[in-house]
Structures are given as structure tokens and as C-alpha cells.
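Asks: What follows is each chain in one-letter form.
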Amino acid sequence: MKKVGLRRLAALAAISLVGTAFAAAPAHAAKITITVMTPNYTDAMPPYYADLEQRFMAANPDITVTHTNLSWDDILVKGRTLVATDSTPDILNLNTFSDYAAADLLYKTSDLYDAKKLADFVPAFIDNSKYNGTAYAVPDLASARMFFYNKQLLYSSGVTKVPTTWDEVTAAAKKIKAKYPKVYPIAVPLGPEEAQGEFQIWAGGNGGRYFDSAAGKWVINSKANVDTLKFLTGLVKAKLTQPNPASTNRTDAFKLFSQGKVAMINASVFFPSTLKDYKSTVDYGVAPFPHSATGHSITLGVQDYFMAFKKPGNQDAVSKYLNFLFAADNYAGFLRAAGGFIPATKSASATVDSSLLPFINQLPNAIFYPGDLAAWPKVVGAITTQVGTGVNKDPQKVLDAIQKIAEAAGTK
Amino acid sequence: MTITVATARKHRKKNSLISALPWIGPAVALILLVVIWPAIELVKISFTKISLAGALGGFNGLQNFRDLFANPNLSVIALRTVIWVFLVVFLTVIISLPIAQLINQKFPGRKFVRWAMIVPWAASVVMTSIIWKWILDLSSGELNLTLTQLGIIHDDVDWLHDPRFSFYVLVFVAVFVSIPFTSFVLLAGLQSIPADLSEAASVDGATPWQIYRRIKFPLLRNSLAIATIINLINVFNSFPIIWAMTHGGPGYDTDTTTTFAYKMAFIEYNMGPSTALGAVNFFFILIIVGIYLRVTRAARIEA
Chain Z
234 MKKVGLRRLA ALAAISLVGT AFAAAPAHAA KITITVMTPN YTDAMPPYYA
284 DLEQRFMAAN PDITVTHTNL SWDDILVKGR TLVATDSTPD ILNLNTFSDY
334 AAADLLYKTS DLYDAKKLAD FVPAFIDNSK YNGTAYAVPD LASARMFFYN
384 KQLLYSSGVT KVPTTWDEVT AAAKKIKAKY PKVYPIAVPL GPEEAQGEFQ
434 IWAGGNGGRY FDSAAGKWVI NSKANVDTLK FLTGLVKAKL TQPNPASTNR
484 TDAFKLFSQG KVAMINASVF FPSTLKDYKS TVDYGVAPFP HSATGHSITL
534 GVQDYFMAFK KPGNQDAVSK YLNFLFAADN YAGFLRAAGG FIPATKSASA
584 TVDSSLLPFI NQLPNAIFYP GDLAAWPKVV GAITTQVGTG VNKDPQKVLD
634 AIQKIAEAAG TK
Chain W
28 MTITVATARK HRKKNSLISA LPWIGPAVAL ILLVVIWPAI ELVKISFTKI
78 SLAGALGGFN GLQNFRDLFA NPNLSVIALR TVIWVFLVVF LTVIISLPIA
128 QLINQKFPGR KFVRWAMIVP WAASVVMTSI IWKWILDLSS GELNLTLTQL
178 GIIHDDVDWL HDPRFSFYVL VFVAVFVSIP FTSFVLLAGL QSIPADLSEA
228 ASVDGATPWQ IYRRIKFPLL RNSLAIATII NLINVFNSFP IIWAMTHGGP
278 GYDTDTTTTF AYKMAFIEYN MGPSTALGAV NFFFILIIVG IYLRVTRAAR
328 IEA
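These protein sequences, in sequence, are chains Z and W. Each residue of the first sequence is one higher than the one before, starting from 234 at the first, in the numbering used here. Each residue of the second sequence is one higher than the one before, starting from 28 at the first, in the numbering used here.
Derived from the structure by calculation, the hints contain no laboratory data. The model shown is predicted, which means the values in this text are computed figures rather than measured ones. Mixed in with the good hints there might be a few duds.
Stated by the list, open to error - Simulated restraints, written as ranges between beta carbons of each label pair: (1) Z:H300 with W:L57: 49 to 55 Å; (2) Z:Y388 with W:A105: 51 to 57 Å; (3) W:I121 with Z:R569: 55 to 61 Å; (4) Z:K415 with W:R191: 32 to 38 Å; (5) Z:T393 with W:D182: 27 to 33 Å; (6) W:L177 with Z:K412: 23 to 29 Å; (7) Z:Y388 with W:L83: 40 to 46 Å; (8) W:Q176 with Z:A471: 51 to 57 Å; (9) W:F86 with Z:D319: 14 to 20 Å; (10) W:A143 with Z:P591: 22 to 28 Å; (11) Z:K579 with W:L83: 47 to 53 Å.
Virtual Cβ for every residue (Gly too), placed ideally from N, Cα, C.
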């Protein structure tokens, strides 16, 4: 920590020097520089932004844009350190916004976009961008999950129907294991990369949630969730999953599926393009995600956000930038560069690729993370680190521990 | 007479300090900027309230430390850190002693062997860790492939993720990257031992083992102490190996206090207790550095 800490502090020192230099520029000056920081959904993002901003600056000669492209890992860390040193970017693209909104750092969306533009965002997504009833961010894109299966492995093992319930999943997994002892019938990646999603999609099919918004309280150790973790533990103990789910990251599981070593997996809308990148030859099918005997099938909707930080004199510039980005043609380019996600606007949804339709059709059954709570980022951290250990330890105790952290983090 | 000599000496001392300033000034400034100042900030921040978003609030008293010590995972992780440091340093030293002996001998190709030894040291630790991560990978790792082809194992072993192996795999890699430095410190120690000592002993009929045990090993004591203590600091601070290979997981099962501090801050957004742990870690390092300074001073006085 010390080494890393020192290096970070040095970097922060440098950044904050730059920050003060900007702040020192007189507020009434016509020229303004805004900083934009975004994650790389794919390698196509940096060239997309380079082109976008060149055209933006040509149209707005008094605005200069400095852009930082970061990997997801880096941007999550950097977002936090920049706030700590008062050197936030002007515009940030991230998977959470609520803690910044709670700290009163963000513009309301109504201060940045006109009503017509706001009305074009998919209502469910904009609802998830609200903190205390006010939207402080806009969705940039979204994903939904479905059940992917390897047709060859499934059908040649004597499974005639794609599983729709947990019992059918177990039965199918046993058949696959009997026929192909080297294949892991179902992947359950509960490693830190995405454990919150993997667990939620299983628990959701059993009626389990992280947060009960009607009652305004955390329900992480609810019976539905504990039973889900017990069910997953059963799969692991029966050796129907890949070994050590608590350390298997989503990427590891995707890799195994692409190599034909996993027969069934929960995956996101962009998974087909991932498989293509891996040059996978697996013939796969897509189906609604299986549910428990008492539950019904759900999909997990996940969305990311664009947000703008309040700084003296930057409102006009960030508003112009964001409206430029969300102009129909530019936004279409954004979606192309990001690769295979669900659009966040109604107008863009009207023209999507047909392979996205099964996912969009699932959206009425979508459940979302309680991303509107300021405590959510902290709770996610506890879930990703700990939930997977439930399959080796006592599921009830593990979920109790996370519940305790969530309650301490608050319900706002 | 004595007084004048003393004052003259004092004067000279003061003058020499001033005349030395231009030479040591840049180094002192650098140390102030990159060591002392961050250390002060680290301690200061550990007593500061930090919001969820990461913004700094006011003075928080000992609350961050109270939160830290209330963390149910801390005691296990602290104990593991002690085991980690002890195991890695102990194994490193035990393995490096014969290696130093070996590369001190004259044999054809010695230069090449010494070069090869330095490589893991010269390479970035993150690089080494990632290479090992891939060697040990479950589905595409070279180790599982080789062991399967040799018929030693039949099912792939998940070296990095299986709780039975992961910690020891990390220990192995940490030892692997620590050996070169340790061997070379010990080699330097061996080369400083005059050859006539062992020659004389062998003329008196001492066996090679006796020469090593009774003459060389005692004279190696100083370099051994220095190698051990520097390794203690390195291994205690070792972040990249653990983070690159297991992220401290599953759960907290391979975390040390160093990776735990990072995990609390940037995965769990528990900034307050994380800064407190940072300060505690720094305090431990100070103690080890103190011991190091004592030992090296003792060594210098003896020499």
C-alpha cells in the first residue's frame, strides 16, 4: 500500500496542480476548457471521441475539450481519488452516480438538456438515474442478461428442452456431466468482477432483491436470497459448476464457454460480440433465464451514466457537449463504438440490430440494481468481495454479514 | 588549548554543513517531497472524515481507527500477513544461501548463470506475476497442460483459486522474485570473506562443511541480517504479486494488510478505515526500518 499510496499521492499532487491552474483562469473569460473522462467499452471508443470532439470544437471555438480514456478498472479508482482532491472532471461516464449526487456535486439533468431531449430517454432508464426523485445523470446505454447455452453439448447429452426452471437446470447439468465429464455444465462466476450481477440474476428468479424500495430497507439476507445461495452451493458441491466460483471472474467463465468447456451461462447482451472476438466456434442458443419453482423469469438490467460536475462557469459548455453527444448521428456512432449494447434513447431503440431484439423484449421483466441509493457503491463492494464465499461457507452467515454492512451504509 | 580546538572543530562542522548543502540539497528536497510529505498526509488523512464519494470532511478523531479494529476480517488478515512475511522471507533466505555459495564458485558459464539469476529481479514484479498467473491458469495454463501430459494429474487443478493452494502459490511466486536480490547480497558477503581463512582451515584438516559452518556462515551474519530485513520490508509491502494474481480473494482469503487497505478503499469504498490501516502499516514499516538502521550501524561498528 505504501508504495502504491506514495505514487498515487504524487499523481494526485500533479493532478491537483493542474486543477488549480484551471480554477485560476478568470471565470468571465470567453474561452473555457472542459475535461471529459470516459471508460473504454471497446478499443473503438478513443477514436470515436477524437472524431466527435474535433467536430465539437470546430463548431464551438470557445470550448476546448481535454479527454481521458481509461479502462474500467482505472476509471473506478480514479473517479474516487479525483473527488478526494477536488479535481473532478467536468463530464464523467461511469456505472454509478448516486454518491456524487448525494454529495451535491452534480448538475440536475433539467439544467443541461431541453425537455424534448429528456423525453427521448427510455423512461425506465431515466428513473434509475434519479436521486431523491431528481435526475442527476442520464443513461448512456444499457445491457440485459439472458441464458446462453451450447447447443451441441446440451442436445447431444440427451437434453431435449432448454431448461426454464432451476430443477431443469440441475437435471440438464447432470446429464451433461454424465456424457462429458470434462465439461463444466454450468458456469457460476461469483468472483469479484461481477458477483453482484451473477447473484442477482439467480436470486431474482426466486423473487430475491438487494433492496426493498417499497419498505425502504436492505433485504440482502432475505429467505429468497439465502435459498438462492444454498441452491448455488448445491450445484457447486455436486461438481456441476466450474471449480471455485468465488474466484471465477465473469471473463474467465466467458472464456471457458467460448472454448466449449462450459455448457450453460448467464451472459449479457454484448456476449455474442465477445464470442466473436474470441474466435469461438461454439453454436449457442439464447433463452430467458431459468427461475425457481416459486419465482418467474427475470432479466437484470444494467445501465451506465453520463454526469456533469458543477464548477463555476462550466454549465453552458458541458450542456453543449452532452447535447452534441446525444444528437442522433453522434449517439448512433457512440453505440456502434461501444459494441452491442441496448440504446438508452427511444429514437435509437427504433433502429437496433435484430440480434438485440430478444434482449429488448426481456426489458419488461427487468430488475435493476438500487443504483439510485448513495450507499449502493459501498454495498456493491461488499457483495462482490463476499457473496461468492457463501458457496464454501455458511450462506446465511455470509449474507448476514453483507446485510450488516449495507445497513451501516444507510438507505439513502 | 582544548577549548580552542573544540570551537574550531565546531566551526568546521557548521561550515561543512553549509558547504555540503548544495550537494545534499536536491536529495533532501526529494525526500521531503516524496517521503516525508506523503507520510504526514497519510497520518493526517487517517484522522479525517471522508465521505462516500471520497470528499474530505473535518477532523474525525479516532473514529477511522475504531472502524478499522471493528472490522471482523482484520484479525485473520493480520495473522495471515505475519505468516506471509515469515514464510516468504524464511524460504527465500534458506534457498538463497546455497545459491550464493554456488554462484561464488568458479565454473564455466558462471557469468551466464549470474545473468540468468538477475532476470526475475530486473523484470517488473507485475509482469512476473501476470506470467505466473497465466502459467497457473485453470483452462489454458502451461502447468496443468504439462502435468496432464505427463500423466501426473487427470483433472485440471485451479491453482490460483482453490483455497488449498492459492496462498502457497503466492508464497512461491514471492520467493521466486525475492531470491535473486537475496542471493546477490549474500554473494557480496561471501566475496568479502578473505580466501586465506578457509585455506588455512583446510590445511588444518577442516572438512568443507566445517569450513562453511564455523568460518563462512558466522562471517555472513551481517549480510544475512541486511538481506533479511530488506526482504521483510519488501514482502510486507508486496502488493503487485497478490493483486495481479488473486486480488486477495476468494473473499479475503489471500489478503494481507497491504492489499486489504487497497481493497477497503477502492473496492468497498470504506475510505476511513482504509486510511487508518495505511497509517498502521506505515508504523510497522517504521519499526522494521528502525531495526534495520540499528543492525547496519552495529555491522559498521564491528567492521
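Asks: Next step is simple, just say for each hint if it's right about the structure.
Replies: Cross-check of the supplied hints:
1. Z:H300 with W:L57: 49 to 55 Å: For L57 (chain W) against H300 (chain Z), whose Cβ atoms are near 32 Å apart, the range 49 to 55 Å is violated.
2. Z:Y388 with W:A105: 51 to 57 Å: Hint holds: Cβ distance 53 Å, inside 51 to 57 Å.
3. W:I121 with Z:R569: 55 to 61 Å: holds (58 Å)
4. Z:K415 with W:R191: 32 to 38 Å: violated (21 Å)
5. Z:T393 with W:D182: 27 to 33 Å: holds (29 Å)
6. W:L177 with Z:K412: 23 to 29 Å: Taking Cβ atoms as reference, L177 (chain W) and K412 (chain Z) lie about 27 Å apart, which means the hint holds.
7. Z:Y388 with W:L83: 40 to 46 Å: For L83 (chain W) against Y388 (chain Z), whose Cβ atoms are near 59 Å apart, the range 40 to 46 Å is violated.
8. W:Q176 with Z:A471: 51 to 57 Å: violated (29 Å)
9. W:F86 with Z:D319: 14 to 20 Å: Holds, at about 18 Å.
10. W:A143 with Z:P591: 22 to 28 Å: violated (56 Å)
11. Z:K579 with W:L83: 47 to 53 Å: Hint violated: Cβ distance 41 Å, outside 47 to 53 Å.
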